[in-house]
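> The chain contents come next:
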Amino acid sequence: MLRVKQGDRVAFESLVEKYKQPVMNLVFRTLHDPTEAEDIAQHVFVQVYKSAHRYEVSAKFSTWIFTIARNLTLNEIRRRTRHPADSLDATSPEDDQPIIQVEDRKHFSAPDNVLHGELEAKVEEAIAGLPEKQRTALLMCREDELSYEDMAKVLGCSLSATKSLIHRARETLKQVLKPYLRTGVWREAENP
Amino acid sequence: MNESIYQQLRETSWRRKLTPEEETRLQGWLAAHPDKQAEWELEQSLTEQLRHLADAPLSSNFTSQVMRTLDAELARQESRQGRDGGRNWLQWLHKFAPRLAPVSLALVVAITAFVHYRNNDQEQQQKQLVDIVNLVVTAPDMPSPEILQDFDAIEKLPTDEDLLAALQ
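Heads up: the protein sequence lines correspond to chains U and G, in order.
Residue numbering for the first sequence is 1 to 192, as defined by our numbering.
Residue numbering for the second sequence is 1 to 168, as defined by our numbering.
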């Protein structure tokens, strides 16, 4: 990040490479629209570059970037609430941008993959139903780089409040997914 | 091992797999608390599901798109700065206009009132001067100054009767 601060674009590119997926995971699971999520994720990195001079060496980079990602995502949600009919694409001046090339990572051909895909969809649905803070806390919990203290900083709450958010999120998920969860086997699939 | 250590191990398992030593301690505790076994299994199952959540779809040219967006953004910012360089005072005015407006209005009213008062005053003075000049010009012939040579003595006389007696 110090190199980025000095305008090193190669260092910035490697930062993008490293953090693009974690940032996208967080943004996408909040907005549920891959195109808009990718736009926001791009803006997160643009913001990182533009604000690099404000970055304090004492701060942890992952905490900083997740805070930016969360703030921009919340701004987008507020914007959507104010202008429900608008799309980010409609306001984007980057009309000459290439069409987004999304990698197709899922191949649900075999029956077990289909079941796995369906279980995953149930989990995604349950996560989507969580309140924003609980969902963000739960998703950040998957990131190895972030400690509970870092998550608390991103969420702007205390350590105990952060743990409580994760606990409540997990309790909700367990309740919702109880019929499907049993050491990784989907009960409905066993007893349709 | 007590309940709080169980909770601690539970929180640890949210972040990473337990070490063999932690696992042994946990299994020992669960053996002593069989009622917690089902809860732990559910907990573990959820942790596994969350750990294996698929990554969000991401375009393969994401990084190059970021760099392109960044270049466009920087170019736009640069041209905006160049364009706005000479208009900084306008921005300043725009920023402070709401605060300056009442002050400016009060100032304009005060200046107008002062100018109006001064004009009015000058007009009145001119009018008075004209009146005096007219009076002087149109007045009948004034008596000669010699007539006032005894003015002081006459002024000192206490009553009209004394004056009449003096004249006689």
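Treat the hints as calculated values from the structure; they're not laboratory data.
Warning: the hint list may mix true and false statements.
[What the hints assert, rightly or not] Here are the simulated lysine-lysine pairs, DSS-like style, with alpha carbons at most 30 Å apart:
(1) U:Lys20 to G:Lys17
(2) U:Lys163 to U:Lys122
(3) U:Lys133 to G:Lys95
(4) U:Lys122 to G:Lys156
(5) U:Lys122 to G:Lys36
(6) U:Lys133 to G:Lys36
(7) G:Lys36 to U:Lys60
[As the list claims (entries may be wrong)] FRET-style restraints, in silico, Cβ to Cβ:
(8) G:Ala97 to U:Thr67: 53 to 63 Å
(9) G:Gln91 to U:Arg54: 30 to 40 Å
(10) G:Ile5 to U:Leu159: 46 to 56 Å
(11) U:Arg80 to G:Arg68: 18 to 28 Å
Just so you know, even glycine gets a beta-carbon here, dropped at the ideal spot from N, CA and C.
> Next, verify each hint and record whether it holds.
Hint-by-hint comparison with the structure:
no. : hint                           : result
1   : U:Lys20 to G:Lys17             : holds (25 Å)
2   : U:Lys163 to U:Lys122           : holds (24 Å)
3   : U:Lys133 to G:Lys95            : violated (36 Å)
4   : U:Lys122 to G:Lys156           : violated (123 Å)
5   : U:Lys122 to G:Lys36            : holds (25 Å)
6   : U:Lys133 to G:Lys36            : holds (28 Å)
7   : G:Lys36 to U:Lys60             : violated (38 Å)
8   : G:Ala97 to U:Thr67: 53 to 63 Å : violated (35 Å)
9   : G:Gln91 to U:Arg54: 30 to 40 Å : violated (22 Å)
10  : G:Ile5 to U:Leu159: 46 to 56 Å : violated (18 Å)
11  : U:Arg80 to G:Arg68: 18 to 28 Å : holds (25 Å)
Hint violations for this structure: numbers 3, 4, 7, 8, 9, 10, all remaining hints satisfied.
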